[in-house]
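With these hints in hand, go ahead and build the complete structure from the sequences.
Residue numbers (the numbering used here), protein chains in the order written: chain A, 1 to 229; chain B, 1 to 229; chain C, 1 to 229; chain D, 1 to 229.
The set of hints was computed from the structure by calculation and includes no laboratory data. This list has only true hints and no planted wrong ones.
Put simply, identical chains are the same to the list, so a pair is met inside one copy or across any two.
DSSO-like, lysine-lysine: derived pairs with alpha carbons at most 30 Å apart: (1) K100 <-> K66; (2) K100 <-> K167; (3) K38 <-> K66; (4) K24 <-> K35; (5) K100 <-> K138; (6) K100 <-> K35; (7) K24 <-> K38.
Remember, it's a predicted structure, so these values are computed and weren't measured experimentally.
There are 4 protein chains.
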Amino acid sequence: MTEIALIVGTGSGLSASLARLFAKNGMKVALASRKPQKLDALAREIGARHYACDASSRSDVPALFKSVTADLGAPDLVVYNPSYRTRGPLIELDPVEVEKALMVTCYGGFLVGQAAARQMLERGHGSILFTGASASVKGYAQSAPFAMGKFGLRGLAQSMARELQPKNIHVAHFVIDGGVRSARRPDPNERPDSTLDPGGIAQTYLDVLRQPRSAWSLEVEMRPWVEPF
Amino acid sequence: MTEIALIVGTGSGLSASLARLFAKNGMKVALASRKPQKLDALAREIGARHYACDASSRSDVPALFKSVTADLGAPDLVVYNPSYRTRGPLIELDPVEVEKALMVTCYGGFLVGQAAARQMLERGHGSILFTGASASVKGYAQSAPFAMGKFGLRGLAQSMARELQPKNIHVAHFVIDGGVRSARRPDPNERPDSTLDPGGIAQTYLDVLRQPRSAWSLEVEMRPWVEPF
Amino acid sequence: MTEIALIVGTGSGLSASLARLFAKNGMKVALASRKPQKLDALAREIGARHYACDASSRSDVPALFKSVTADLGAPDLVVYNPSYRTRGPLIELDPVEVEKALMVTCYGGFLVGQAAARQMLERGHGSILFTGASASVKGYAQSAPFAMGKFGLRGLAQSMARELQPKNIHVAHFVIDGGVRSARRPDPNERPDSTLDPGGIAQTYLDVLRQPRSAWSLEVEMRPWVEPF
Amino acid sequence: MTEIALIVGTGSGLSASLARLFAKNGMKVALASRKPQKLDALAREIGARHYACDASSRSDVPALFKSVTADLGAPDLVVYNPSYRTRGPLIELDPVEVEKALMVTCYGGFLVGQAAARQMLERGHGSILFTGASASVKGYAQSAPFAMGKFGLRGLAQSMARELQPKNIHVAHFVIDGGVRSARRPDPNERPDSTLDPGGIAQTYLDVLRQPRSAWSLEVEMRPWVEPF
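Below, the structure written as structure tokens:
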């Protein structure tokens, strides 16, 4: 049976790589983003549907799941990628921006995770994957809002795993510990592979998806070979 | 010189114990709470001021610091205790309540920490203490919102420590790993000391406050002797 | 070019599953164990060589690498599986047994890791995988020796990763958080998949081996879907 | 009643500071070291007894506890400080030295902890403190042996805490995350307090000792205000 994959937050290279890899492996792919027009080319390339959705909106998220389900079917697999960050000395941070960072990076994960769990519990299976960062496990100076959001998302993933895994829903959290390669951040010629290849990350997501339920991973971290840590 | 202590979130027994211990050690104490009338008796008992403040409000928090500073002077020590939780199966959680949990438990910590840091950086010293819970380091089933908030608060504390400690501001995070004794949760007779004595917790907060800056602790966890973990 | 895999410590079902999976993927496999006669059938089945080696012996380990290299070539991939445990109330533990637990579980990992690294640094590539357990990250009551050994092995893996990964040697540590299915520990009928399928674990080892160096994982934990944690 | 404190491993400035602080607080102090003659002056200064003991020796440790008990009484408090390290590129490390590092840093902790627990369980109370380092929680490049020993010691402390705390024996583990000030490592004038003051560390050990059993800490980390982490 064809699997349905929903990828939320498609701005980064990672979402595109996931979409391509999932499509190549025979899945039907839905993409959601605040600005879905950015996804036109990708959607055409891999035959995916794309949807407008602000992941931190209590009305957008249920509407997204309704649309995807109507168009493709209930997702077997949901990936949550959105994040928003604001940086700078703690005392100069704009509290409005900090709230947004928390809402997009963490609260949206709850909204999407809850909507996904509702369908998956009914159907008796599914996988929910959350994308973390170095800031998921280490709070860096001048970057409190990102740490708040990503730590919080990790807490959500752990809690969901403890609750949902015994109900046959695999929850996994990935700590991307380094810069992801993209058009804006190309791999430096003199130091090959020092940025994370999004295709490589995507393959590990797929590997985790394919794990038998007797040996599920909850957390997997990835970093380039030369990354200090 | 008399130290000024500001304790935010005074509902729990811990805040009262901290207030008493700080007063006993010669500090001037300010208490802040959403419902300050609850604090009348305690404030009279120890000669403290008390203030109304919703810690998750972008307007209340700066106003609180302004009032405390006008009344007592700029705080040398700020403790952040508020939390809000909603529990239950993930799919039954009310998203409005989940947002509130995140805002009170985590975002308020940012607002208070930022306001405290502004004054402390100017004065060249200070201590900011955050109260965590078991859920700061472990996401429990049916308790995702508390994990989201408390994980996020821990990320904030780590980030603030890395940024502010080299500027002579001590940031500490306490993991309270067990139930705190209170009128509502008395210590069971047949199992003495199986709940955390808030006076004992408060003493460890004071011990950490008194650490010389050559040997500062960032994180201290506490639990009853018989607590499984 | 055919890859050479050396699996040390072949008593458990995991080593056999790894050996079969590696052979199936075209690798030449060497197996090492204190009692290699136990491996006769497996070795014949998959066309592997097998060797006698006490992994905690300073003389056995270099001899093992010499023999494997002479017979098959230098290993591209080395897996360290041995462990030894003694359990019981702390005060009743036999110190001789505790030393053995530390030597087999941890020190042997150093000896094998060092021997592997010597050849791999010279050849400019390689992978070294260490098998951990729940006890790698949590010290359980009445099981101090296993925690000592497995925590220590994890420290070794982290240190080796920081030193060797920038030299193109992938070091990974797996936290097997649950009981591994075996003839002695069959999966209970009434609770399917509640023990770790060694074939599932082995597949994740292979997935990690195949990661591109721009996105290497250092630590991956696995547990059955119904495992409390 | 006078408390008896036994401090094992007295080479470092930390042990001397602990001894002075404990004596000042009215305890009777016993010091143990491989080379006790180094302790003559300190022992005279504070009226302590000192003993020769190789902490990694299965015969020395029981003999030490027998002597201390005969001379002063059974220790209420035992501190384990010894460590041994060998550094360098992994492939150049001498396996004999690596074994010694593991035995002194970790195995000796077991021997001393077991001997202490035997007496304390009989008497129904006691405290056992272990000294860790940055390497207890992070394995650094070119320092695998220290990570192996210190990770292992942390595993021991966790396991002992889970087993012994419900029997009224407090077990604590301290992560000393930075260089400790000493005659050989003076605090740099231009960067005051950038090394850990052993007196400050000792005070935190004493604070933890004084915690009521309803609010015990298992792990406390300390670092200088300017230490990167």
